[in-house]
Amino acid sequence: MRRSLVAVLLIVVLVTLAFAIPAAASSTRRLCARSVALRDSPEGFVIGRLYRPQRLRYKRRSANRRWALVRTRAGVAGWIPYRSLCRA
Amino acid sequence: MAMLRLSIALFVFALLLVVLATPAPAAERFAGITERGQLVGFTSQNPFALTQPKTVRGLAPGERLLALGSGSRGVVAVGSSARLYALALSTGRATAIGPPFAQGLRGSRFSLAVAPGSDRARLLSDVGQDLVVDLTTGVTTDGPGLRRERDGAPLRPAADMTREGSLVGVQINPGVLLREVVAGSTTMAQMTLATPPEIRLGEPLSFTLGSDGNGYVVAVATEMTRDRQSVMTVINPSTGGRGGVVSRSVQFFGRRISALTALGQVAPDRTPPRTRIVLPRQISAGALLRHRSLPLRVDSNEAAQVTASMEVRGRAAGFTFETRDVPGRFHFTHFAFTRREKAAIRGGVGARLRFRIGINDLKGNFRRTVRTVRLIR
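So the protein sequences, as listed, match chains A and B.
Just so you know, we're using this note's numbering here: the first sequence kicks off at 246 and counts up by one.
Just so you know, we're using this note's numbering here: the second sequence kicks off at 12 and counts up by one.
Simulated from the structure, these hints should not be mistaken for lab results.
Where hints are given, some of them may not hold.
[Stated by the list, open to error] Straight line, CA to CA, 25 Å or less: simulated SDA-like cross-link-like pairs of lysine to any residue: (1) A:K304 x B:P111; (2) B:K65 x B:R340; (3) A:K304 x B:T349; (4) A:K304 x B:P306; (5) B:K65 x B:R239; (6) A:K304 x A:P326.
[As the list claims (entries may be wrong)] For the chain A half of the interface with chain B, some residues (derived, Cβ under 10 Å), not all of them: (7) D285; (8) G320; (9) V321; (10) A322; (11) L330; (12) R332; (13) A333.
The structure presented is a predicted model; accordingly, all values stated were derived computationally and were not measured.
C-beta: ideal position from N, C-alpha, C; glycine also.
Build out the structure end to end from the sequences listed, making use of the hints.
Following this line, the structure appears as structure tokens:
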């Protein structure tokens with residue numbers, strides 16, 4: 246009984262880990278600024294506007310660490326100032 | 012008890028029917044002129060997404076279109092040679108109507124105010140030129156000029172004409188809405204215009220009244236890092252307050268628009284873009300890391316954003332995206348890999364590289380495709 250329980254737990258942990266590895270590249274963050282322009286590159290063209298509160302998939306930061314690459318729930322990607330995101 | 016269940020089921024069914032039967036809100040369709048003088052089309056659903064820009068043919072050498080209007084004979088335009096043109100939107104062909112205006116043109120920003128179905132227009136400029144234009148013959152007569160009701164001060168709005176024939180216009184910095192007190196009186200009442208607080212607007216300014224009852228103000232966002240982008244704000248033309256859907260009260264163009272006119276309502280776009288994706292069967296890991304560009308090519312029949320996520324052996328190996336405000340080909344250059352992604356690519360030689368490609372037309376329509384290629388040394 247105990248052995249099968251351990252086996253089930255192990256499978257659950259392994260499956261969770263397997264799915265967690267690709268997702269580790271991005272995390273969910275909230276927008277803290279009232280509104281912010283979503284740009285196609287850091288300091289590039291504005292492609293949309295995001296309003297608080299909005300949950301975003303945070304991908305990574307720019308080389309100068311001022312910009313964050315995010316993706317909206319509608320699937321649109323773009324750069325916003327990193328400081329406009331709420332602290333993780 | 013059974014009766015209660017039946018009532019609940021019927022209620023849910025009725026609710027579903029109501030939701031499904033409610034028509035999706037229509038979008039306003041526009042024709043616009045870019046700062047390079049090309050003819051584009053877009054809708055209020057997202058003005059960022061333009062149709063393929065067309066070069067206007069039939070103009071004098073070096074001539075540009077300065078103002079657009081929509082009247083009894085379809086879309087008409089005024090060219091920089093002080094001439095009225097009939098404009099065929101499908102072909103981009105301009106046909107001159109009558110001789111050049113005897114008065115010439117004065118100013119740098121013009122608006123052609125036409126009531127829907129009317130054969131007369133008012134051409135107004137930013138330095139106060141006011142011409143009455145006969146859209147059938149192209150003949151112009153001097154207009155009386157516009158005055159503020161309160162103090163008689165001259166006004167120079169970007170304007171359009173209501174169905175009843177009264178002028179409605181806007182000025183920016185400070186933002187004011189101007190409405191003719193009585194149709195044809197040329198005296199205008201002034202109200203505060205709800206401009207977006209977070210964006211400073213600048214010239215060129217244009218204004219059109221939509222068939223949906225909203226007013227559409229297009230101006231350049233001057234405080235952006237790059238000030239070559241126009242924004243569209245939707246206003247209530249009776250009060251000057253915000254109109255339309257609040258979350259869409261400010262929408263960006265990908266470029267500058269110097270003139271526009273509303274063309275009526277269309278059904279909202281609910282279909283994802285049609286695309287053609289080209290990927291080689293195998294990709295060299297070395298070349299990928301060295302050239303920092305993806306050998307991926309996507310052709311789209313609409314303006315869109317294409318995202319590409321790469322995975323190798325279940326590990327994230329890169330993410331990039333490209334955005335175009337017109338239909339065409341997407342290339343993926345200037346790819347920046349993180350250290351972890353580089354390691355995933357180097358360690359994935361011989362494995363399958365999986366591409367998750369998302370194509371979003373920026374109007375809420377999305378298509379996803381998964382492709383795999385072999386990653387070689």
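Here is what the structure says about each hint:
no. : hint            : verdict
1   : A:K304 x B:P111 : violated, 57 Å
2   : B:K65 x B:R340  : holds, 17 Å
3   : A:K304 x B:T349 : holds, 11 Å
4   : A:K304 x B:P306 : holds, 22 Å
5   : B:K65 x B:R239  : holds, 19 Å
6   : A:K304 x A:P326 : holds, 13 Å
7   : D285            : holds, 4 Å
8   : G320            : holds, 5 Å
9   : V321            : holds, 6 Å
10  : A322            : holds, 4 Å
11  : L330            : violated, 17 Å
12  : R332            : violated, 21 Å
13  : A333            : violated, 17 Å
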